[in-house]
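Peer 1: In case you want the letters, here they are:
2 protein chains.
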Amino acid sequence: MNRLHAEHALLPEGFAREVLLAWDADGTLTTVQPDAPRPAGVERIQGLIVPGLPNLHSHAFQRAFAGLTETRGDTQDSFWTWRDRMYRFAGAITPEQMEAVATQLYVEMLRAGYTSVCEFHYLHRDGDGRPYANRAEMALRLVAAARRAGIGLTLLPVLYQASGFGAKPPRADQKRFINGVDELLRIVETLRAHGVRTGVAPHSLRAVPPAALKDLLDGITALDASAPIHIHIAEQIQEVDDCLAWSGARPLQWLLAHAPVDPRWCLVHATHLNDAEREDAARSGAVIGLCPSTEANLGDGLFDLPAWRDKGGAWGIGSDSHASVDAAEELRLLEYGQRLARRQRNVGIAQEMWNAAVAGGAQAAGRPVAGLAPGRQADFVRLADAMLDDLAPAERLASHVFAGHRRDAVREAWVAGRKVLHAGRHAGAPAAEQGFLAARARLREALR
Amino acid sequence: MNRLHAEHALLPEGFAREVLLAWDADGTLTTVQPDAPRPAGVERIQGLIVPGLPNLHSHAFQRAFAGLTETRGDTQDSFWTWRDRMYRFAGAITPEQMEAVATQLYVEMLRAGYTSVCEFHYLHRDGDGRPYANRAEMALRLVAAARRAGIGLTLLPVLYQASGFGAKPPRADQKRFINGVDELLRIVETLRAHGVRTGVAPHSLRAVPPAALKDLLDGITALDASAPIHIHIAEQIQEVDDCLAWSGARPLQWLLAHAPVDPRWCLVHATHLNDAEREDAARSGAVIGLCPSTEANLGDGLFDLPAWRDKGGAWGIGSDSHASVDAAEELRLLEYGQRLARRQRNVGIAQEMWNAAVAGGAQAAGRPVAGLAPGRQADFVRLADAMLDDLAPAERLASHVFAGHRRDAVREAWVAGRKVLHAGRHAGAPAAEQGFLAARARLREALR
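These protein sequences, in sequence, are chains A and B.
The opening position of the first sequence corresponds to residue 1 in the working numbering, with each subsequent residue numbered one higher.
The opening position of the second sequence corresponds to residue 1 in the working numbering, with each subsequent residue numbered one higher.
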């Protein structure tokens, strides 16, 4: 039995004092008791413990070119010109580089308040578009990276068959991620055999024709009826227009009418919705995956969070392209967008947002990491910042999100009860950093 | 003669290599020579030197309650409910606390990429609304703080006479900042006698009736024809509506028609402008003071920067309420707002934005801190981040702004040629932090 005693902790119902936490050998919480005396020999944790945020949307390899596309191209830059550059990068990365980049990213995530991650993984094939000898080669590199970093993982192998609505043939620069449903389900089986929490991701309606979508959903449901299903949807206006031209329906409208959308589903971005789509999506029980820093970086648009909350909708946070890797910054950007759009303050409150993102992130991950309560996994972090530590817990968390003094305020992180960050340091960080820098240097050379 | 030799530097015309910098005993640059050999005995600076950003809008005392108003009030929160809370705080602060809070803030600014600051200073009187024995008491506390921190300073004593358009009588909670034009000009004279770069700030059109505005402008021009003049304008829709109701004109429209707006002027926020106002304001030569983190935190709205740039308008950055103290984050938020509004990427580019904000900030400060060129003050910082240092300079700065790995990437800072930050450390930081924490603790008690 592992135990610790926290001065302050954010529980699903709010802040509590003198909280005794205990978990079993699997890392599952067995006791979360506020106002508890400290038993002899149990470690005391000063300050504030909060649940780690599940990062519900990641393309790990993109961390290696964060910051490298912030220069002007020949034409007006947009999501689509960014994607062209990203594809060049995606075309060059090797399995070794994938593992190196992901390892460093996952260490960064632990330092940034995330304790688990959902990988929306589409680079299945080699640079020539041929399957690797082990078809799960690239996916297993992500598994290795997550294990080296000690972060929780849900892997979502991506089906990507077409370059546009109406089963438009794939582009040459999409050859690494084209695959058949059977090929994808074999990767899923391999990952499950490795003990990895695995779902699937039909990439988007533009990349997955209706028949393939149905086959994929039937296939994954037969393998695992509770497997998470993630899809990019309604991120860009052009995508909405193309879907309307193809089907007469908006993307989420089409999906809700043609697929069994339910709480297994994570609708990633869902930026451009109308009220009927919000109503129906909330009723489905699906969670919406918001990626504020990426959506701002790519100029996607602002999600209307209050309208979604009014329908009772669940949501969580992803760092997606990893321009930023900082849970607090994602929540800050999300809230600032709402304030600017509504010309109000405190549309959301830090503690409510944090708990909502934990619950929604856990749902998207299909893993029991939904906060500090018995039966859930012991995933949490300790915040410390000498300039904030004298504040009351609610002010303390609000200041962390909106007015932090240091970026390394996440000092300790526990994943399934195992401490992976000590005083801001991760034992694997020096090796991870060197691996990342070497991989990025080779990738930049390859692209010259 | 002081000299150093930089591997890379951002000059007004772009990035340069092997740059020899030299400055005189006053801290004025005498040589900025790219592609120069390193003379024997001259210190070599590895990595990237960029000019420090002048922070053109600061209310220093507000740093002590950053993060403390991110909780929901009884009614829907807005700029105006935030202001009520801020006034309670402003009513309680003592001169000693002001100095303590400002000292810590200014040390933070140096670590965050700012090398000078414009204080928009309105807390002139004591808590009962009586002048201090030395009417410049509070202003001199800011001067002392800036000198302790080693940051450049422009002080803008604020005239605040009315609580609304039409010379509405002041509110009880505005008694610390009410003052007459003569009283204000005496504070200006005192500051000038102390060698402080001093301008004035008519707070806003709602707080300064037309006759007082004219008297103030006549008075400051007689004292110093080049003194900076700052004013809050068009931050809130309600202010625009109230001005229209009062005068039939929008705030900036009224100001441009009734005051000699010229390059001395800094129009702070100017969020809600129409195209005619932009046209006329740009022609005046005034600089617009953008405060992206505060404008987001307060739900003001988004400034249309491309439309202002199209008119050739100058702009700079202020951290204002200091929810954030981070030059890179301000530029990131500014650019992300433009991307979200336009659904484009790379509306601005980091190096162009950085240089524009330096030039505009220097204009607003009325001080020669407009970048790395002979005749300008030697205000610059060195950026270093092991995860970014292998990149080319343009990628390096873009990554610092959009995808930084560490917040303390500003490792050294020089102000007027004097090194005030060494390897991320400021000699005065420990004392400044303790002073800040003690002051905030007493303020929070006073407000209980």
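Hints in this document: simulated from the structure, not taken from any laboratory.
Keep in mind that a hint or two might mislead.
[To be verified] Which bits of chain B does chain A cover? Going by a derived footprint, with three or more residues having C-beta under 8 angstroms, they are:
id: 1; region: 79-91
id: 2; region: 299-307
id: 3; region: 330-339
id: 4; region: 377-390
[Said to hold, decoys possible] Label-pair ranges, simulated between beta-carbon atoms:
id: 5; chain 1: B; residue 1: L223; chain 2: A; residue 2: A392; range: 45 to 51 angstroms
id: 6; chain 1: A; residue 1: R418; chain 2: B; residue 2: E18; range: 45 to 51 angstroms
id: 7; chain 1: B; residue 1: E352; chain 2: A; residue 2: A276; range: 39 to 45 angstroms
id: 8; chain 1: A; residue 1: R85; chain 2: B; residue 2: S163; range: 49 to 55 angstroms
id: 9; chain 1: A; residue 1: E96; chain 2: B; residue 2: A431; range: 28 to 34 angstroms
Glycine included, each C-beta is placed from N, C-alpha and C at the ideal position.
Peer 1: Hint by hint, say whether it matches the structure.
Peer 2: So, going through the hints one by one against the coordinates:
1. 79-91: holds (count 3)
2. 299-307: Held - the region 299-307 of chain B has 4 residues with a Cβ nearer than 8 angstroms to chain A, which meets the minimum of three.
3. 330-339: Result for this restraint: holds, n = 4.
4. 377-390: holds (count 4)
5. B:L223 to A:A392: 45 to 51 angstroms: holds, 47 angstroms
6. A:R418 to B:E18: 45 to 51 angstroms: Holds: the Cβ-Cβ distance is about 49 angstroms, inside 45 to 51 angstroms.
7. B:E352 to A:A276: 39 to 45 angstroms: holds, 43 angstroms
8. A:R85 to B:S163: 49 to 55 angstroms: 53 angstroms Cβ-Cβ, so the 49 to 55 angstroms window holds.
9. A:E96 to B:A431: 28 to 34 angstroms: violated, 49 angstroms
Comparing the model with each numbered hint stated earlier shows that hint 9 is the single one that does not hold.
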